[in-house]
Amino acid sequence: MKQVLSGNEAIARGAWEAGVSFAVAYPGTPSTEILETVAASYKDDIYSQWSPNEKTAMEVGFGASVAGARTLVTMKHVGVNVAADPLFTMAYTGVGGGLVLVCADDPNLHSSQNEQDNRNYAKFVKMPLIEPSDSQEAKDFMAFAFDLSEKYDTPVMLRTTTRISHSKSIVEFGDRREPNKIGDLERNARKYTMLPGFARPKHPIIEDKLKAIAKVGSESCPLNRIEMGDTSVGIITSGISYQYAKEAMPKASFLKLGLTYPFPAELVKEFASKVDKVIVVEELDPFLEEQATLAGIEVDNGKDLFPICGELDPVMVANRLAGKAMNAVAPAPDLPIRPPVLCPGCSHRGVFTILKKLKVFVAGDIGCYTLGALPPLESMHTCLCMGGSITMAHGIAKVMGETYDRKNKVVAIIGDSTFFHSGVTGLIDMIWNDGNAVVIIQDNRITAMTGGQENPGTGHDLSGIESPQIDMEKLVVALGVKPANVRVVNSYNLKEVEDVMKEELDKPSPSVVITKEPCVLQFRIKEEPYRVDADTCTGCKVCIKVGCIALSINDEGDEPKAEIAAEFCTGCSVCAQVCKFDAIVK
Amino acid sequence: MKTTNILLAGVGGQGVLLASRILSEAALAAGLDIKQSEVHGMSQRGGSVMSHVRIGEEVHSPIVPEGECDILAGFEPLEGLRQAHAVKEGGVLLYSVDRINPSTVSAGFAQYPEDVEEQLKSFKCRTVAVPAVQYAEQVGNRRSANVVMVGVMSNFLEFSDDIWSQALTAAIPAKLLALNIAAFELGRKHI
Numbered sequence: 001m002k003q004v005l006s007g008n009e010a011i012a013r014g015a016w017e018a019g020v021s022f023a024v025a026y027p028g029t030p031s032t033e034i035l036e037t038v039a040a041s042y043k044d045d046i047y048s049q050w051s052p053n054e055k056t057a058m059e060v061g062f063g064a065s066v067a068g069a070r071t072l073v074t075m076k077h078v079g080v081n082v083a084a085d086p087l088f089t090m091a092y093t094g095v096g097g098g099l100v101l102v103c104a105d106d107p108n109l110h111s112s113q114n115e116q117d118n119r120n121y122a123k124f125v126k127m128p129l130i131e132p133s134d135s136q137e138a139k140d141f142m143a144f145a146f147d148l149s150e151k152y153d154t155p156v157m158l159r160t161t162t163r164i165s166h167s168k169s170i171v172e173f174g175d176r177r178e179p180n181k182i183g184d185l186e187r188n189a190r191k192y193t194m195l196p197g198f199a200r201p202k203h204p205i206i207e208d209k210l211k212a213i214a215k216v217g218s219e220s221c222p223l224n225r226i227e228m229g230d231t232s233v234g235i236i237t238s239g240i241s242y243q244y245a246k247e248a249m250p251k252a253s254f255l256k257l258g259l260t261y262p263f264p265a266e267l268v269k270e271f272a273s274k275v276d277k278v279i280v281v282e283e284l285d286p287f288l289e290e291q292a293t294l295a296g297i298e299v300d301n302g303k304d305l306f307p308i309c310g311e312l313d314p315v316m317v318a319n320r321l322a323g324k325a326m327n328a329v330a331p332a333p334d335l336p337i338r339p340p341v342l343c344p345g346c347s348h349r350g351v352f353t354i355l356k357k358l359k360v361f362v363a364g365d366i367g368c369y370t371l372g373a374l375p376p377l378e379s380m381h382t383c384l385c386m387g388g389s390i391t392m393a394h395g396i397a398k399v400m401g402e403t404y405d406r407k408n409k410v411v412a413i414i415g416d417s418t419f420f421h422s423g424v425t426g427l428i429d430m431i432w433n434d435g436n437a438v439v440i441i442q443d444n445r446i447t448a449m450t451g452g453q454e455n456p457g458t459g460h461d462l463s464g465i466e467s468p469q470i471d472m473e474k475l476v477v478a479l480g481v482k483p484a485n486v487r488v489v490n491s492y493n494l495k496e497v498e499d500v501m502k503e504e505l506d507k508p509s510p511s512v513v514i515t516k517e518p519c520v521l522q523f524r525i526k527e528e529p530y531r532v533d534a535d536t537c538t539g540c541k542v543c544i545k546v547g548c549i550a551l552s553i554n555d556e557g558d559e560p561k562a563e564i565a566a567e568f569c570t571g572c573s574v575c576a577q578v579c580k581f582d583a584i585v586k
Numbered sequence: 001m002k003t004t005n006i007l008l009a010g011v012g013g014q015g016v017l018l019a020s021r022i023l024s025e026a027a028l029a030a031g032l033d034i035k036q037s038e039v040h041g042m043s044q045r046g047g048s049v050m051s052h053v054r055i056g057e058e059v060h061s062p063i064v065p066e067g068e069c070d071i072l073a074g075f076e077p078l079e080g081l082r083q084a085h086a087v088k089e090g091g092v093l094l095y096s097v098d099r100i101n102p103s104t105v106s107a108g109f110a111q112y113p114e115d116v117e118e119q120l121k122s123f124k125c126r127t128v129a130v131p132a133v134q135y136a137e138q139v140g141n142r143r144s145a146n147v148v149m150v151g152v153m154s155n156f157l158e159f160s161d162d163i164w165s166q167a168l169t170a171a172i173p174a175k176l177l178a179l180n181i182a183a184f185e186l187g188r189k190h191i
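If you read the sequences in order, they're chains B and A. Oh and the first sequence: position 545 is 545 in my numbering, straight run, nothing missing. Oh and the second sequence: position 28 is 28 in my numbering, straight run, nothing missing.
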């Protein structure tokens with residue numbers, strides 16, 4: 001059977017075929033659909049769950065592996081930073097059932113805060129690295145990855161990029177391998193209890209494993225292949241770069257690598273000896289090239305041709321590799337950009353409107369609400385990492401000292417999923433260390449930015465089954481926020497938001513302000529739209545400043561007037577509340 | 001057989017990705033190779049969305065090389081114009097005539113180019129204006145404008161009616177199928 005699958009869907013299929021029975025993740029673009037596909041299509045054979053963050057996901061997955069199950073753990077590139085603590089030591093312990101970490105990198109930052117090249121983690125952690133070039137390989141390489149993990153007693157990283165995860169191609173299906181039999185729990189403290197005395201002897205074992213796997217990569221690995229052609233240039237490449245290079249120079253000689261770490265130096269040497277010169281085509285860091293150079297293999301400096309920053313693309317590769325000039329037509333000049341925006345009716349809009357009015361400093365976090373940093377709202381001033389809003393606000397507030405000058409007051413803003421991810425420990429930090437910032441938790445009842453996933457506060461698990469709901473108000477009170485400082489406000493009632501924020505900003509101890517209005521996009525909320533009464537509207541444009549695409553100014557008449565597009569308006573009322581002339585009506 | 005390069009450009013929420021899926025299913029049903037690439041994530045929030053579809057005997061890159069696009073479907077005129085330079089000389093540029101203001105325009109930071117259609121027609125390719133939303137409203141659901149666009153595109157792809165029917169059935173949920181077949185037919189007859 002053949003289907004057109006995205007790389008992510010193919011990875012889910014590959015996990016099923018490889019006999020995986022346990023899958024765990026925290027959502028993150030471009031990795032999210034892997035677990036969604038597992039939960040939707042393979043739920044009878046694979047237990048799957050979202051975890052609150054990538055570290056807990058990795059540890060839960062490791063537990064499943066220790067118990068003997070073949071286990072899939074997935075996350076986006078920056079998620080691996082969060083999960084790095086268990087991951088590094090898992091290389092020492094090794095695994096029970098095979099464990100594959102799928103990590104989805106995001107060159108060009110389509111939906112991320114940086115473009116780190118996570119292939120470096122494979123080298124740093126000392127674990128094998130596998131890179132597929134299309135959906136068929138994404139599926140097929142999963143089986144290889146699990147076999148490698150069990151044979152060499154090591155976690156394995158399968159690394160994709162956005163163009164692998166979110167590109168679709170034809171995949172031929174295979175059968176499911178019998179899952180591992182789960183027996184009684186085995187006690188093996190020397191393997192799994194990393195006291196210094198037990199861990200020390202593991203390190204040389206890892207080094208030996210890497211040498212053995214490098215030999216596999218050079219001699220017998222079906223993922224690494226030489227495609228001989230014209231010998232004037234030999235191209236070493238992996239992942240999506242292979243596709244661009246193959247298209248640019250179909251007749252050249254290729255060393256296509258799928259098992260890229262440990263570096264198959266002997267195979268690379270063999271290939272290099274057959275061609276006049278070698279060039280490495282790779283996105284982001286010169287990961288393969290550095291290792292080739294270290295192995296004493298003469299390679300052209302690929303990074304003179306291909307940038308370290310951003311994505312490669314087929315035109316760039318064809319131009320720079322093959323000297324092919326493309327018919328370059330200039331893009332139409334000066335077009336207005338169309339950035340992503342908070343949806344019409346978004347429950348974040350009113351809060352940002354008030355924060356802007358109060359002129360406070362806003363330490364932000366990661367989610368849809370990060371769009372509050374863009375014009376016209378422009379009321380977020382930092383965004384670093386998951387959970388960083390609360391801790392940064394604490395640090396900033398400590399330095400600014402006791403102040404009632406609002407422009408030097410700091411407010412943290414964080415979503416529900418991000419709060420459960422790693423905001424909770426930040427809040428403990430602030431409470432414990434006598435902090436005084438106001439924390440706004442924008443609980444829109446879903447993990448919205450990644451397309452609507454459940455989280456610990458929604459009352460449902462990955463499969464949509466009802467689950468215990470972590471009570472945010474009780475939680476923050478239990479952590480030590482004074483009950484009088486925990487305020488639940490209606491994010492669509494601007495006066496209420498403003499009054500409560502003013503009260504809490506004036507208190508000397510930490511406050512938590514919670515909104516609970518659900519995501520309009522995910523819950524498909526649409527009420528009777530508002531309209532502008534043209535006779536009352538003065539064209540003052542105050543409503544436009546809430547940044548809603550349902551609103552615009554119509555310049556066609558004698559005087560400019562605001563206008564509301566009924567098909568976009570959800571009837572949220574935020575613009576009607578900022579209108580000083582009551583011109584926005586139902 | 002030469003690879004056919006298709007770009008679909010629109011606004012988050014317009015159904016660009018479903019339209020791409022229909023094209024992919026048609027290629028699969030016809031026994032051809034297919035690569036399709038899109039970027040989602042932040043683009044769902046009303047930003048520009050672009051999808052690449054490549055159909056041929058053996059396709060490597062999932063990205064259409066700029067300047068080699070055979071068919072560009074702009075689901076919104078400005079988004080069509082943003083990618084118009086990617087169309088090769090003699091290619092086809094379809095665009096839905098229905099404008100959607102970017103947030104930068106509604107907020108008054110920028111002007112929507114009034115001459116967007118003239119600019120679209122200035123490129124060295126065949127342009128086809130499509131009243132996609134009007135057609136979609138005729139079949140009873142303005143959200144089917146994306147499938148209208150696929151119907152128009154079908155005139156430039158050598159797939160049989162049977163292949164298109166298989167593709168629509170594979171890509172669209174059963175309860176919305178009849179309505180979308182009607183939308184597809186209106187698009188197909190537009191030329």
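Everything labelled a hint here was simulated from the structure, so no lab data went into it. Heads up, some of the hints might be wrong.
To be verified - DSSO-like cross-link-like pairs, simulated, lysine-lysine; straight-line CA separation at most 30 Å: (1) 88(A) to 251(B); (2) 43(B) to 175(A); (3) 88(A) to 324(B); (4) 2(A) to 211(B); (5) 124(A) to 324(B); (6) 2(B) to 124(A); (7) 356(B) to 482(B); (8) 2(A) to 526(B).
What the hints assert, rightly or not - Away from chain A, derived, C-beta distances all over 12 Å, residues of chain B: (9) 47; (10) 151; (11) 167; (12) 483.
Here the structure is a predicted model, which is why all the values come from computation and not from measurement. Every residue, glycine too, gets a C-beta built ideally from N, C-alpha and C.
Consistency of the hints with the structure:
1. 88(A) to 251(B): 25 Å, holds
2. 43(B) to 175(A): 25 Å, holds
3. 88(A) to 324(B): 16 Å, holds
4. 2(A) to 211(B): 44 Å, violated
5. 124(A) to 324(B): 22 Å, holds
6. 2(B) to 124(A): 38 Å, violated
7. 356(B) to 482(B): The hint holds at about 26 Å.
8. 2(A) to 526(B): Violated. Residue 2(A) to residue 526(B) sits at ~46 Å, over the 30 Å cutoff.
9. 47: Holds, because the least Cβ-Cβ distance between residue 47(B) and chain A comes to about 27 Å, which exceeds 12 Å.
10. 151: 32 Å, holds
11. 167: 4 Å, violated
12. 483: The claim stands: residue 483(B) keeps its Cβ more than 12 Å from every Cβ of chain A (closest is about 36 Å).
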